[in-house]
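Keeping their order, the protein sequence lines are chains A and B.
Going letter by letter, the first sequence gives residues 9 to 383 in the working numbering.
Going letter by letter, the second sequence gives residues 9 to 383 in the working numbering.
Just so you know, nobody snuck in bad clues.
Okay, the calculated bits of chain B under chain A, using three or more residues with CB under 8 Å as the criterion: (1) 87 to 96; (2) 303 to 315.
One side only, chain B facing chain A, incomplete, derived with CB under 7 Å: (3) Ala46; (4) Thr48; (5) Lys50; (6) Gly51; (7) Arg75; (8) Pro76; (9) Leu84; (10) Arg319; (11) Ala323; (12) Tyr324; (13) His327; (14) Ala331; (15) Glu333; (16) Val334; (17) Gln335.
Chain A side only, calculated, beta carbon under 10 Å to chain B, not exhaustive: (18) Ala47; (19) Thr48; (20) Gly51; (21) Met52; (22) Met53; (23) Glu55; (24) Pro76; (25) Arg80; (26) Leu84; (27) Gly85; (28) Ala302; (29) Tyr324; (30) Lys330; (31) Leu339; (32) Thr341.
No lab work stands behind these hints: they were computed from the structure.
Note that the Cβ used here is the ideal one computed from N, Cα and C, for glycine as well.
2 protein chains.
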Amino acid sequence: MPDFAFKLKTTDGAARRGVVSTAWGEVETPVFMPVGTAATVKGMMPESVRATGASIILANTYHLMLRPGAERVGRLGGVRRLMGWDGPLLTDSGGFQVMSLGPLRKLDEDGVTFKSHLDGSQHRLTPERSTEIQHLLDATITMAFDECTPFPATEAMAAESMRLSMRWAKRSRAAFVPRKGYGQFGIVQGSVYRDLRAESVAALEDIDFEGYAIGGLAVGEGQQAMFETLDFTTPMMRPDKPRYLMGVGKPSDLVGGVARGVDMFDCVLPTRSGRTGQGFTRRGPVNIKNARHAEDMRPLDEACACPACSRFSRAYLHHLFKADEVQGLMLLTWHNLHYYQDLMAAMRAAIEQGRFAAFEAEFHATQSLGDIEPV
Amino acid sequence: MPDFAFKLKTTDGAARRGVVSTAWGEVETPVFMPVGTAATVKGMMPESVRATGASIILANTYHLMLRPGAERVGRLGGVRRLMGWDGPLLTDSGGFQVMSLGPLRKLDEDGVTFKSHLDGSQHRLTPERSTEIQHLLDATITMAFDECTPFPATEAMAAESMRLSMRWAKRSRAAFVPRKGYGQFGIVQGSVYRDLRAESVAALEDIDFEGYAIGGLAVGEGQQAMFETLDFTTPMMRPDKPRYLMGVGKPSDLVGGVARGVDMFDCVLPTRSGRTGQGFTRRGPVNIKNARHAEDMRPLDEACACPACSRFSRAYLHHLFKADEVQGLMLLTWHNLHYYQDLMAAMRAAIEQGRFAAFEAEFHATQSLGDIEPV
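Chain A on its own, in the form it takes in the complex (with noise of 0.2 Å):
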């Protein structure tokens, strides 16, 4: 079995090209994560997870710890056994999901206590209980418990929710039972303070963790200041470990992203807008409910080769989801899956082929051409 490892293949101004090493297979970065919440694509079998180009998938400590319970879950070998997936599994520490609770959850500095939203029942997350929790969901790559800082946040606000983060990390580490293959993340937080993720930089860096992740983005304060934060943040990350960017984002994020020296991602958008019928193209988003498509015999997307473009068209596409039927939702999803890693595919081959600049602004001048006109 391997070590849990980060190699950094070539780079492209400020775009990176690697490869994670891990117990269950090799990741090639820069990587889009599906999410699997609940131990499920939603909609997904893993093989169909697996033929999108997914070669890693996210998985939900917050949800499975209320259903069907860590321990559980333990019990039956693991997220991965479970769920049949053959690859690495990365789960997230619960404290994002936490703190969307709102009032339905207490912080203090030993950990959070909150509500469950299925049952209202009190449960209790600290660094070290949600450490415990990824072992038994046997995560491949663990994540540290934190505090997700709220948008907007003064920097007195955004240090201190940073520096309790900083202390949990250490906490998690402390927590974190080593094991060939698999590895355990600290997230860089502190808003978009530049002293501020410079110090959680640093401190990150002195627990030593295999990766870092850069959290508290994608919570409200656009992609021109996440982007900003980017700019100033990776080039103070360590070159020679993985970087991710948790819960981004639409294609132009991903772009963007890898611009800047991001390595990994994840985020609920291709799943949750295949469910509601929106489909990610090569020219911008398309809403398949909207009337035009009713009669339109060609696919979502020509150039795409998934089931959903290569065997049906966008009228069956637009009656299944006006007939509200299980396969529209399944074929969208399936989509924009494959959307999504055939985009992550093409950046990584302009890195490695050093036209990264011009992929970008290829990628950028095909998406505003707008959707095919009507038959």
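Position chain B relative to chain A; hints supplied.
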């Protein structure tokens, strides 16, 4: 392109082993046809439906005429092309579902006027329009437009209803456009009354269809009354044409139907049950939501080769249903259709080998075992 034809290969008692030849492929009988109501077998890709062993599927005229509309489906190339199903397709006439609308429909000698359950808009079906719609849907097998006689019905009511259906059958036949490899079936009515069934069989054979269905059963009369009706009805029917028992049924209904000389079946039970957590197994039905499956790593049915049974555990299926995850209904629908097709294949083999009676006895013995003991 072959003619539409039925070849009776062999018999074993009343059970029949045959093959229906159509423009879009052959159908080995006895056969079970999965229901794809709105031009999709709910939760299944067409190639997955095929992978269960299905050779022909059914779609519903009533649903498709309302959404996306018969003329629209016609412009899109028919149901088979629209949904990507490369085998033969049977459509019902719309009659059964319109009758189910109760006060929303009004019947006269010429046809039925009814209100859409979707938007209350008014529509009309006659034998001519039903036949035209099925042509627009590009049904490989078109069904005659009939009134499904309610149960219970007095002999006088059943006679009146049946005779109306026979007049409509004649008009349906006149409206049918013969195409090579396509066929039209008449529907025997007459409730549970032997003389009426005999009269109906004779009336339909006088018209001369490519096949004959038995309608008005599985409408609340119970398995015993259904079997008794089949016991006197199928022997009256021509042996050289396929016999289709509409809307049936449970696994034991299929076995009893085949034992009584039925060649074709359709039912929403395997797909609908799959969506609500009921799995059919060799030892009888299982409710996967039951708490006793929560940590059971065994497959739903050890003898089943479907994806749900070969790659996932009862514990995982249980979790998916408790968490209301789409993959749960996808897997259990797939399993149930696979189980139904395995059952039909086993019956075809048993008839070929002249051991259908032994098969039937073993089927009932195994089904009555009940589910495997909890771990």
